Amino acid sequence: QVQLVESGGGLVQPGGSLRLSCADSRYRFSINVMGWYRQAPGKQRELVATVTTGGSTNYADSVNGRFTISRDNAKNTVFLQMNSLKPEDTAVYYCYGYIKPSTYWGQGTQVTVSS
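Residues in the sequence shown are numbered consecutively from 45, following the numbering used here.
Derived by calculation from the structure, the hints in this document are not laboratory data. Wrong hints could be hidden among the right ones.
Straight-line Cα separation of at most 30 Å, BS3-like style, residue types lysine-lysine; simulated pairs [claimed, not checked]:
id, residue 1, residue 2
1, 87, 130
2, 87, 144
3, 144, 119
For clarity, every value in this text was computed on a predicted model and none was experimentally measured.
Whole structure, please, built from the sequences with the hints as guidance.
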């Protein structure tokens with residue numbers, strides 16, 4: 045059973061940086077795709093970024109160039125480095141894992157960008 049645990053959220057001023065982490069160190073097999081989604085109040089959950097075991101990445105247009113996703117395959121850990129944060133980045137960020145044909149979610153971590 046996959047259990048994804050996020051860490052690293054918090055409050056940051058506009059223009060600042062945060063780094064999110066998500067891990068499931070107990071799962072014996074590699075998680076095919078890992079990534080991050082986010083959900084702002086009153087809005088649908090949306091893709092932020094994903095990365096495959098081979099290192100292929102995909103970013104939402106709204107974060108491309110500001111956020112960087114990476115992973116440690118040996119530890120089934122995924123990271124999201126968020127730079128130049130904007131108030132519109134405020135949301136609950138959910139870790140995502142895909143092992144065909146199942147999808148797994150973390151519990152979410154709050155990111156608030158405000159002065």
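Inset, instruction - Could you grab the alpha-carbon distance between residue 87 and residue 130 and see if it respects the 30 Å cut-off? - result: 17 Å, holds
Inset, instruction - Given the hint that residue 144 pairs with residue 119, test it: the Cα-Cα distance must not exceed 30 Å. - result: Between residue 144 and residue 119 the Cα gap is close to 19 Å, so the pair holds against 30 Å.
Inset, instruction - Measure nothing beyond the straight line between the CA atoms of residue 87 and residue 144; if it is 30 Å or shorter, mark the hint as holding. - result: Measuring from Cα to Cα gives roughly 27 Å; hence the hint holds.
Consistency with the previously given hints is maintained throughout, with no hint failing.
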